[in-house]
Amino acid sequence: MFSQKSKKLSKEITEKRLNDFFILIILCFVIVIINLWYLQIIRGKEFEQKAINNCIRSLVEEAPRGEVYDRNGKLLVTNRPAVNFSVIPAEISDYQTMSDNLSLIIFMDSSSILDKIRSSKQNPFHALTIKRDLEKDKIITIEEQKYKFKGSLLTVQPERKYLYQNLASHVLGYVNEISEEELNAPTFSHLSGGDIVGKSGLERYYDSYLRGEKGKKDVEVDALGREITTIEIKNPVAGNDIYLTLDCELQQYIEQQMFEKKGSVIVSEPFTGKILAMVSYPDYNPNIFTQQMTTAQWQEIAQNKDNVLCNRNLHSIYPPGSVFKVITAIAAIEEGIVNLGSSIYCPGYYQVGDLSFKCWKESGHGKQAIIEAIANSCNVFFYTIGQKLGIDKLNYYTKLLGLGEKTGIDLPGELEGLVPSEDWKRDFYNQSWYPGDTVNMSIGQGFLLVTPLQIHNMLSLIANEGLFFRFYHVEKIISQSGEIIKEFEPQLINKIDISQNTFQIIKEGMKKVVENGTGRLANIEEIKIAGKTGTAQNPQGENHAWFIGFAPYDNPEICVTVLIEHGGDGSTVAAPLAGNIIRKYFQLKYNQIAKAEQF
Amino acid sequence: MPEIKSSHFLSDKSFLNQNLRLVKHIDYTLIFSVIDLCILGLLVIYSTTHQEIVNEGAIQFTKSQLIYILVGLFFCFFVAIIDYHDISKIAIPLYFLSIIILVYVLISGKETGGSRRWIQLAGNRFQPAEFAKIALIIFLSDFLSRQKDKLSDFLYFTLPFLFTGLLMLLIYKQPDLGTAMVFFAITLFMIFITGISWKYIIIVFLILLSLFPIIWSFLRDYQRNRIILFLNPEMDPLGAGYNIIQSKVAIGSGGLFGQGLFSGIQSQLKFLPAQHTDFVFSVIGEELGFIGALLLLSLFILVLRKGIRIAQEAPDLLGTFMATGVTSFMFVHILINIGMSMGLMPATGLPLPFISYGGTFMITNFIAIGLLLNIHLRSIFT
Numbered sequence: 001m002f003s004q005k006s007k008k009l010s011k012e013i014t015e016k017r018l019n020d021f022f023i024l025i026i027l028c029f030v031i032v033i034i035n036l037w038y039l040q041i042i043r044g045k046e047f048e049q050k051a052i053n054n055c056i057r058s059l060v061e062e063a064p065r066g067e068v069y070d071r072n073g074k075l076l077v078t079n080r081p082a083v084n085f086s087v088i089p090a091e092i093s094d095y096q097t098m099s100d101n102l103s104l105i106i107f108m109d110s111s112s113i114l115d116k117i118r119s120s121k122q123n124p125f126h127a128l129t130i131k132r133d134l135e136k137d138k139i140i141t142i143e144e145q146k147y148k149f150k151g152s153l154l155t156v157q158p159e160r161k162y163l164y165q166n167l168a169s170h171v172l173g174y175v176n177e178i179s180e181e182e183l184n185a186p187t188f189s190h191l192s193g194g195d196i197v198g199k200s201g202l203e204r205y206y207d208s209y210l211r212g213e214k215g216k217k218d219v220e221v222d223a224l225g226r227e228i229t230t231i232e233i234k235n236p237v238a239g240n241d242i243y244l245t246l247d248c249e250l251q252q253y254i255e256q257q258m259f260e261k262k263g264s265v266i267v268s269e270p271f272t273g274k275i276l277a278m279v280s281y282p283d284y285n286p287n288i289f290t291q292q293m294t295t296a297q298w299q300e301i302a303q304n305k306d307n308v309l310c311n312r313n314l315h316s317i318y319p320p321g322s323v324f325k326v327i328t329a330i331a332a333i334e335e336g337i338v339n340l341g342s343s344i345y346c347p348g349y350y351q352v353g354d355l356s357f358k359c360w361k362e363s364g365h366g367k368q369a370i371i372e373a374i375a376n377s378c379n380v381f382f383y384t385i386g387q388k389l390g391i392d393k394l395n396y397y398t399k400l401l402g403l404g405e406k407t408g409i410d411l412p413g414e415l416e417g418l419v420p421s422e423d424w425k426r427d428f429y430n431q432s433w434y435p436g437d438t439v440n441m442s443i444g445q446g447f448l449l450v451t452p453l454q455i456h457n458m459l460s461l462i463a464n465e466g467l468f469f470r471f472y473h474v475e476k477i478i479s480q481s482g483e484i485i486k487e488f489e490p491q492l493i494n495k496i497d498i499s500q501n502t503f504q505i506i507k508e509g510m511k512k513v514v515e516n517g518t519g520r521l522a523n524i525e526e527i528k529i530a531g532k533t534g535t536a537q538n539p540q541g542e543n544h545a546w547f548i549g550f551a552p553y554d555n556p557e558i559c560v561t562v563l564i565e566h567g568g569d570g571s572t573v574a575a576p577l578a579g580n581i582i583r584k585y586f587q588l589k590y591n592q593i594a595k596a597e598q599f
Numbered sequence: 001m002p003e004i005k006s007s008h009f010l011s012d013k014s015f016l017n018q019n020l021r022l023v024k025h026i027d028y029t030l031i032f033s034v035i036d037l038c039i040l041g042l043l044v045i046y047s048t049t050h051q052e053i054v055n056e057g058a059i060q061f062t063k064s065q066l067i068y069i070l071v072g073l074f075f076c077f078f079v080a081i082i083d084y085h086d087i088s089k090i091a092i093p094l095y096f097l098s099i100i101i102l103v104y105v106l107i108s109g110k111e112t113g114g115s116r117r118w119i120q121l122a123g124n125r126f127q128p129a130e131f132a133k134i135a136l137i138i139f140l141s142d143f144l145s146r147q148k149d150k151l152s153d154f155l156y157f158t159l160p161f162l163f164t165g166l167l168m169l170l171i172y173k174q175p176d177l178g179t180a181m182v183f184f185a186i187t188l189f190m191i192f193i194t195g196i197s198w199k200y201i202i203i204v205f206l207i208l209l210s211l212f213p214i215i216w217s218f219l220r221d222y223q224r225n226r227i228i229l230f231l232n233p234e235m236d237p238l239g240a241g242y243n244i245i246q247s248k249v250a251i252g253s254g255g256l257f258g259q260g261l262f263s264g265i266q267s268q269l270k271f272l273p274a275q276h277t278d279f280v281f282s283v284i285g286e287e288l289g290f291i292g293a294l295l296l297l298s299l300f301i302l303v304l305r306k307g308i309r310i311a312q313e314a315p316d317l318l319g320t321f322m323a324t325g326v327t328s329f330m331f332v333h334i335l336i337n338i339g340m341s342m343g344l345m346p347a348t349g350l351p352l353p354f355i356s357y358g359g360t361f362m363i364t365n366f367i368a369i370g371l372l373l374n375i376h377l378r379s380i381f382t
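As they're listed, the protein sequences go chains D and L.
Here our numbering is used: the first residue of the first sequence is 1, the next is one more, and so on.
Here our numbering is used: the first residue of the second sequence is 1, the next is one more, and so on.
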């Protein structure tokens with residue numbers, strides 16, 4: 001506490017300072033009042049007029065997205081005009097009545113219309129799209145009852161159109177209104193609610209190229225919503241067109257072949273990484289997303305038990321089964337465990353401690369050298385060399401050949417899969433790695449999980465003898481004025497250190513697979529194919545059927561990976577399909593050459 | 001000097017008598033000015049929100065605001081009754097509690113519109129930064145009244161700024177720059193009252209001025225935009241400058257007598273965003289005109305005048321500082337809110353005391369008035 005004297009002194013000072021404070025308060029209020037006088041009395045009339053007229057209505061003109069062409073210049077995705085119903089929130093006097101009236105016409109919940117208006121955080125003078133792509137009869141009804149919809153307008157905007165319906169739907173993807181979550185993401189920060197963005201596939205991956213720039217038309221309207229003057233017009237700029245590496249006809253052919261099956265097919269050029277076809281089946285029609293879906297429609301698609309939205313090539317993981325044996329073989333040759341001369345006897349089973357691992361041929365293959373073992377897919381041979389390699393080596397070569405890693409393809413959402421190791425099993429299951437696990441893994445079973453795209457990557461690498469090319473779908477991106485925005489070249493991303501000799505042995509084995517081994521049904525007369533079958537057991541049901549192959553054998557032009565989910569045997573289900581695809585590819589190629597020569 | 005114990009003068013009376021005496025001497029001018037402001041606020045909130053689409057019915061906002069006012073009044077009298085010397089005893093715990101809650105808000109507060117400012121408590125949302133203003137006022141009053149004589153020592157002079165700075169930093173992180181600035185202004189005014197020499201005041205301003213480029217670099221883009229747009233709103237008439245222009249048009253179109261309650265062109269057509277919270281003054285300007293705005297300003301001046309008077313007549317320095325803190329808190333809010341509506345200040349989104357819609361802020365305002373009543377009562381009985 002203070003002494004009486006100092007208290008008195010400070011009392012005086014504080015009282016004086018408090019008076020100063022009050023003077024400051026009064027001064028500020030005087031400034032405020034003078035300003036009020038200026039705004040309300042001096043300029044009042046002018047502002048009043050402005051308030052009556054002042055209504056700058058801003059209409060957004062959506063830009064048409066860029067078009068998508070296949071490798072032969074065939075148009076796959078374009079835009080069509082659609083009529084949208086929009087409102088200018090500021091001009092609606094009674095939201096409830098408006099939305100009640102509207103819901104009767106467009107069959108949309110009155111409350112969800114209100115939600116839409118309420119959750120829009122934009123300027124109340126910006127037109128807000130309530131319903132896209134109205135049907136003709138609804139447009140007519142709204143036009144007839146125009147008096148009920150003051151403050152609303154019908155505008156013509158471009159909508160996405162997928163010309164071939166379901167064709168390549170997983171590759172192309174689809175577009176839809178931007179979600180709240182996406183709006184908060186930095187990549188979309190410059191967009192606003194109601195904007196259309198690519199949601200999956202190439203539409204998503206190349207969204208920034210395809211989207212274009214919105215146009216804008218600001219007009220001054222009076223209190224009744226009548227246009228007085230146009231203040232500013234900015235025309236929309238259409239997005240860039242993209243030209244794919246995809247061959248529309250080949251894609252179509254494969255999709256027909258996949259009818260009523262589930263699974264995936266990838267066809268690419270091994271020496272460039274260009275994807276010629278990528279099929280995931282069952283598929284969907286991306287056009288349905290263009291019209292506004294009801295929640296029920298969306299749920300039907302999203303919760304469909306066949307998982308139609310999932311691109312099985314990169315969004316699903318499977319055990320690779322016997323197609324994996326090529327990796328075990330590569331590892332064993334590289335590590336000097338086997339060579340062309342060595343052979344292993346297959347009695348039809350392989351004993352590890354108390355456990356007996358079976359060969360698929362119960363009577364056994366007898367004496368097998370490496371090329372025969374690959375051709376016959378002899379389990380016992382690979383069990384034996386797998387165990388000699390041990391898990392560490394096996395894990396090393398599996399990763400070296402690209403499994404357990406994203407391939408870097410130009411599609412969103414690629415999965416990594418799983419390449420197990422001793423440490424992984426200890427961390428995940430709190431168990432040590434058993435010799436049986438190694439034996440299992442050496443034939444592509446057990447914990448190992450891969451995407452078909454990773455297997456395809458491994459296949460291309462064998463065809464290329466060690467070169468990794470990044471997979472891609474887009475040849476070039478061209479602006480509306482014809483200027484090349486971007487051109488994509490084959491991109492060599494890695495070269496692995498495996499000897500020429502090893503690849504020769506593997507390729508020879510794969511050739512024998514198709515000539516007289518498990519992949520005989522892939523054989524076609526015209527061309528020599530090298531391949532490998534796989535039948536992956538899975539606890540959930542029927543086996544998955546695999547076939548991987550490249551052709552021609554001596555100078556690979558294409559690689560094909562086929563996976564039929566729960567299809568059964570790789571040699572009877574997947575192999576003939578792959579053979580047909582390769583035949584179709586060469587047919588298309590020679591037709592084109594013939595056509596070109598005609599002209 | 002003996003410590004003033006207000007309970008002494010009441011010690012021989014029954015509890016009922018004590019409170020009756022207190023009620024008799026309450027500053028009714030202050031209370032009724034505040035209630036008038038609240039009524040004006042209710043009218044404006046009803047005017048701007050009665051067309052709003054809310055599930056619970058159109059007058060939900062008005063109803064809630066009425067409840068906030070009643071709860072506020074309860075807090076006001078509760079705070080008025082407890083001797084402010086007793087309140088100052090928990091100044092330090094209050095300060096630390098504020099810090100803890102503000103840290104908690106940053107970690108697990110409710111996020112709305114990109115900032116974390118709210119916490120959920122018993123089904124209600126609270127904005128702890130509001131209560132922290134009261135905590136700061138009590139804490140600084142306690143500190144300054146104790147250490148006043150040492151303030152000429154530069155170390156002691158910087159201490160209050162450090163205490164405030166910590167709170168400001170936590171609030172800036174939410175981010176809520178406007179509220180953080182209120183904390184700074186309150187501290188500045190309270191220190192000014194201590195009689196600190198003008199030399200120091202000039203030094204503070206010079207430091208602030210020289211720090212401006214650094215502060216500028218710490219601001220977020222939208223905050224910089226607000227300052228730039230404040231200087232030139234026409235730069236982006238449909239984007240961020242939109243609010244300022246629309247608000248000015250609304251106020252201007254009110255003229256002398258206003259467009260009439262419930263019939264403002266701008267406000268009824270929803271040209272103004274956040275009109276029942278931040279831009280509430282524009283609605284008053286538009287619907288009640290110059291006359292209505294003057295009425296509002298007079299009520300505010302009355303409240304502030306009372307605040308200054310109570311500070312001057314306080315029985316001790318603790319009371320003086322508390323009353324000054326409360327008055328400066330009110331003043332800063334009024335000045336910034338109205339200044340922003342008229343385009344005289346950057347848009348910071350501070351609410352207008354007793355008028356703007358909002359529970360936490362209303363209760364905080366009433367607690368502040370409760371402190372003023374409290375100090376006033378003790379000055380009568382000493």
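Bear in mind the hints are in silico, worked out from the structure with no lab data behind them.
None of these values were measured; they are calculated from a predicted model.
The C-beta atom is built at its ideal place from N, Cα and C for all residues, glycine as well.
Be careful, since some hints might not be right.
Claimed, not checked - Derived contacts from chain L toward chain D, CB cut-off under 7 Å, selection only:
{"#": "1", "residue": "209"}
{"#": "2", "residue": "252"}
{"#": "3", "residue": "320"}
Structure-based check of each hint:
Because the smallest distance between the Cβ of residue 209 (chain L) and any Cβ of chain D comes to about 19 Å, over 7 Å, the interface hint for this residue is violated. Because the smallest distance between the Cβ of residue 252 (chain L) and any Cβ of chain D comes to about 3 Å, under 7 Å, the interface hint for this residue holds. Hint status for residue 320 (chain L): holds, given a least beta-carbon distance of 5 Å to chain D, under 7 Å.
Taken one by one, the earlier hints fail for this structure only at number 1.
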